[in-house]
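Q: Okay, here's what each chain looks like letter by letter:
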Amino acid sequence: MDWGAIFSNAAVELISPTTAAYALAALGLAVHFGYTGLLNFGQAGFMALGAYGYAISILTFGFPVWGAFLVGVGASVIFALILGIPTLRLRADYLAIVTIAAAEIVRLLFTTNTYASVTGSANGLSGYKNEFAALNPLADGTYGFGPFTNNAYDTWLRIVAWSIVILAALLVWQIMRSPWGRVIKGIREDEDAVRALGKNVYAYKMQSLIFGGVLGTIAGMIFALPRAVVPSNYQTTLTFFIYAILLLGGAATVLGPIIGSMIFWVLLSFFSGFVARAVEAGWLPFMTSIQGGQLRFILVGVAIMLIVIFRPQGVFGNKKELAFVR
Amino acid sequence: MKSTLTAQRYLPRMLVILFVTLLAALSMATFSAGSAHADEVGTEYGFTLSGNVKFNGEALDGVAIAVKGNGYTADTVTDAAGKWAIGVPEKGTYEVTLDEQTLPKGVVVAKGGNVIDTEFGLTDRKSVNFFLGEGTRNTVSFFDQFVNRFVNGLNFGLLLALAAIGLSLIFGTTGLSNFAHAEMITLGALMTLVFSVNLGLPIWLAILIAIALSGALGYGLDAVIWKPLRRKGVAVIPLMIVSIGLSLALRYLYQYFFGGSTSQLPGSGMTDLKFGPISLSPIDLASMGISIVVLLAVAFFLLRTRIGKATRAVSDNPSLASASGIDVDNVIRIVWVVGAALAGLSGVLWAYFRPGVSWDMGFQILLLVFAAVTLGGLGTAFGALVGSLIVGLFVELSTLWLPSDMKVVGALVILILVLLFRPQGILGRKERIG
Amino acid sequence: MSANAVSQAAAPLEPPVPTKKPVKTTGLHIGEAGPGCAKVDPILVVDNVRRTFGGLTAVDVAHLEVPRGAITALIGPNGAGKTTLFNLLTGFDKPNDGKWTFDGRSLAGVPAYKVARMGQIRTFQLTKALGLLTVMDNMLLGAKGQTGENMFRALMPFLWRNQEEENRAKALDLLTRFKLETKKNDYAASLSGGQRKLLEMARALMSDPTLVMLDEPMAGVNPALTQSLLDHILNLKSQGMTVLFVEHDMHMVRHIADWVIVMAEGKVVAEGDPHEVMQNPAVIDAYLGQHHDEDIGVDPDTETEHVSAIKELLDDER
Ligand SMILES: Nc1ncnc2c1ncn2[C@@H]1O[C@H](COP(=O)(O)OP(=O)(O)O)[C@@H](O)[C@H]1O
Ligand SMILES: [Mg+2]
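Residue numbers (our numbering), protein chains in the order written: chain A, 1 to 326; chain B, 327 to 760; chain C, 761 to 1078.
Source of the hints: derived by calculation from the structure; they are not laboratory data. None of the values given here were measured: they were computed from a predicted structure. All residues carry an ideal CB built from backbone N, CA and C; glycine is no exception. Just so you know, not all the hints are guaranteed correct.
[As the list claims (entries may be wrong)] Derived EDC-like pairs (lysine to aspartate or glutamate); straight-line CA-CA distance at most 20 Å:
id : chain 1 : residue 1 : chain 2 : residue 2
1  : C       : 874       : A       : 191
2  : C       : 874       : A       : 2
3  : A       : 129       : A       : 140
[As the list claims (entries may be wrong)] Label pairs and their computed distance ranges (CB to CB):
id : chain 1 : residue 1 : chain 2 : residue 2 : range
4  : B       : 459       : A       : 8         : 37 to 43 Å
5  : B       : 596       : A       : 289       : 35 to 41 Å
6  : A       : 283       : B       : 748       : 39 to 45 Å
[Said to hold, decoys possible] Examples of chain A residues toward chain C, derived with CB under 7 Å:
id : residue
7  : 175
8  : 182
9  : 276
Isolated chain A, as found in the complex (with noise of 0.2 Å):
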């Protein structure tokens, strides 16, 4: 068994884009659920407007990387209005529903033949890296040490992925700890309290449900850049996926959701690695590879279980600040 490649593998998940990018999506997770209480199960939806609008905004329109940048912060930014017109008064509960079928609803419009001349469809899209290679600045060449060695694309792309994360853990823990971060954290233990204080608790939870969603889209631009934009990518699992990270590094908390991304990611890999060898190796001849690509996913629903049931606070959350959104 070839550990050192297992090993090398996994570190590569460390600091990887789609590390970046998730951490970033369960960042925007934690200002709607961790701090604000909004129940938003259509994240990946958010990351779906960003990607696309992106990979549309250059494909088809020829727009400059800024321009991309902007159509698709703006789509979520009027995704979120309209999803927040009518869910933003309901129970937590029916806004989870609402909001996974919003998210829904989104993917099977990009995936529908009908605008399959925009979207490419179930085929989704690819070939518009180009213009954000076009900025590097790094010349030809690797760099890097060890596992963490890339070429002169990959390394801007990671650069880039990791600034705009640092960048934006930073404005989510000045914004917490304002005034304006404290409307939100009441609004999470009982809005009718802030209510009857004065807030206007509504379009609170809209620059929440704004904020969040923004940073979920533009993790899903840093997700789109090292693939193909595929609508399959955007299903409700990726939310799922986005709460275990979440709730595995802790909901209301900055650094949680990055340190829970690059656990989620290291480990998996580590998992795949080791469990493809092993069947490899006849290690475990009750299984077939397929069945060991399966596998982590079963314990991925398993682990959501049990940190729910047994570390609510996450790994990094303190018990006594924040156990849950009731």
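Could you slot chains B and C with the ligands onto chain A? The hints should help.
A: For chains B and C with the ligands alone, coordinates are given in the frame of chain A:
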């Protein structure tokens, strides 16, 4: 002053309505991509789906075939010999669709529908054939189509209702939005498959065993997971997230054991019978009959039996019910067993409706079941029934106007619109403040 | 602690005695005291407000005026519609019909947060302390017009730091008055039920309201704290605020209220001076009535509660 106030209040609604209208309009303006096709596409890939379209031994030329799956789509038309072939990038499950509009007049797909789910075996080629027969599909009037879709929608709505009532009762008595309900639906179909196809039992016995096993799963889940968590005083949102984890784990567990393929239950290819404009297979008729009988039984249970009344009382106000001497834990246990058994039955019917049994079939309709429950008002059993019928009808009827790959969109938009005007659902009640 | 217990044991069942005799405001009404009678200077005027839940009419108030600068008690048996009336008047619930004005401005259709900003602040029957916020953060939430509560300005601390310091000083002052200053950095969830009631009241005062509406401020508060709660309510009046509060304990109502409004089955059945209104047969009926026409399912708890309420009603002040 007054007018600005009302304008403010209605503006958001109007915005949403505007958006929805826009959406509907957009989806109707089909981008017709009528490019010419070669008779073989995707030759650059190593795996090929192919077939031969013949009617009464005569090859049919120019019939459109589309393949979809694993993030890949392609389409082609048959050549003069009636042959078609489409290369695909990977082995896996694909959905092959024959466009009935392109068949000659008087010819339709007779059995199994014009959409076939197929999976590669050991070889790199897989042949897919449609069974054609005489029929008059091409000349169906709008009214006839409407009636047909309506009956189909009713059938779908009834099977949704079986699942939705369980979900709603569980929500009402425990406050849990149970995402793992999807896997209880799937279990019914999977177990029917195992006992009928793999073990060779008669189908009715297999279905009964599957329902019993579903009920047992409900009992087991309550005993092992939900009851201890209730005891521990875990709040409803963490409970909901636990159910998401459970759903994920169970779903991939099914895939682990049953693989990603779709299999058919015995009798699923039966030819349709004609009742005027309505074409239904005997299975469809049986499905509707069973749904109606079972739903009536559930209504009787809820309205007339002692334990059913207790269930409604707990649903209404758990603390009051327990104060008045109802054994709440027992009621909840019964609700789990009944809810899971109903979900299992609904899974069997869904397997015939789709048609096919697959590891994630429950998850595919979970959102519709939730939509039905939410539409009717969370926690009200009869609301779930009403909601299910609306969703079922809407999904089927919307195919008259929307492309069929968007039929779910319509139902979900309706959900959002209804909540806009009636946040508590159709039969739901408002919450108390203060 | 133990000394406290001893003194309590020594004086069993004694109602809390105010430290000083409250100064009653009189001459509030015009003409004869009765349901819906006019006030000299009303702050809140209610007209034909009706709210039904299905077939049940929870509130049906034809006319009601609440006098300014006084302490008004709203009493009535359980289910009389007091909380529902509070919800309606503060914008938390919408009536089927009716209108009402606060300080001369119509409030019908005005959302709850705007009502609060106008200076009409309420508390809730079931306390709504924000458990996972500190006591200080709870207080700071109460302050009005905070620059830092705007999403964009929140990112520039220099814009709101001074205001935050002022609010903090004010909060500390209030907390000291409510004897909660030692708890200022604790989570509100760690407070006792009575302390949470105090916190909720102190938090409401952060916005300098003109009308304070308290829904059962004394319920569930341990007797050692009731006295200070009473004093706080009296203080509000001396600072020029108007108080409308729901209370079940007749002794307290008599001690501090300048005016009493009695509700039963959604209607205002009597109004008047706290001593006179208790003699009103309509009031005694309101408390007894429920049981006269209800022949099934008498809950022993509410029964004793009503009986003791009536006893207190008829009791003369010591
Ligand atoms: N949201 C609601 N739904 C149904 N009935 C309600 C609701 N809120 C209050 N009620 C009913 O209205 C009546 C008045 O209640 P409430 O205002 O709480 O009384 P009080 O505060 O005087 O005890 C009661 O009969 C109560 O059951
Ligand atoms: Mg009350």
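Q: For the pair supplied as a hint, residue 129 of chain A and residue 140 of chain A, confirm whether the alpha-carbon distance does not exceed 20 Å.
A: With Cα atoms ~16 Å apart, residue 129 of chain A and residue 140 of chain A stay inside 20 Å; holds.
Q: With the threshold set at 20 Å, check whether the alpha-carbon distance from residue 874 of chain C to residue 191 of chain A stays at or below it.
A: 15 Å, holds
Q: Holds or violated: residue 175 of chain A as interface residue toward chain C, Cβ cutoff 7 Å?
A: 5 Å, holds
Q: Between residue 283 of chain A and residue 748 of chain B, is the Cβ distance one that fits in 39 to 45 Å?
A: 58 Å, violated
Q: Any CB of chain C closer than 7 Å to the CB of residue 276 of chain A?
A: 43 Å, violated
Q: So, residue 182 of chain A near chain C? Judge it on the closest CB pair being under 7 Å.
A: Cβ of residue 182 of chain A sits 6 Å from chain C, so the hint holds.
Q: State, for the Cβ atoms of residue 596 of chain B and residue 289 of chain A, whether the hinted interval 35 to 41 Å holds or is violated.
A: 38 Å, holds
Q: Should the hint that residue 459 of chain B and residue 8 of chain A are 37 to 43 Å apart at their CB atoms be regarded as holding?
A: Violated, since residue 459 of chain B and residue 8 of chain A (Cβ atoms, about 59 Å apart) do not stay within the stated range.
Q: Can the restraint linking residue 874 of chain C and residue 2 of chain A be considered satisfied, given a maximum Cα separation of 20 Å?
A: 66 Å, violated
Comparing the model with each earlier hint shows violations of hints 2, 4, 6 and 9; every other hint is respected.
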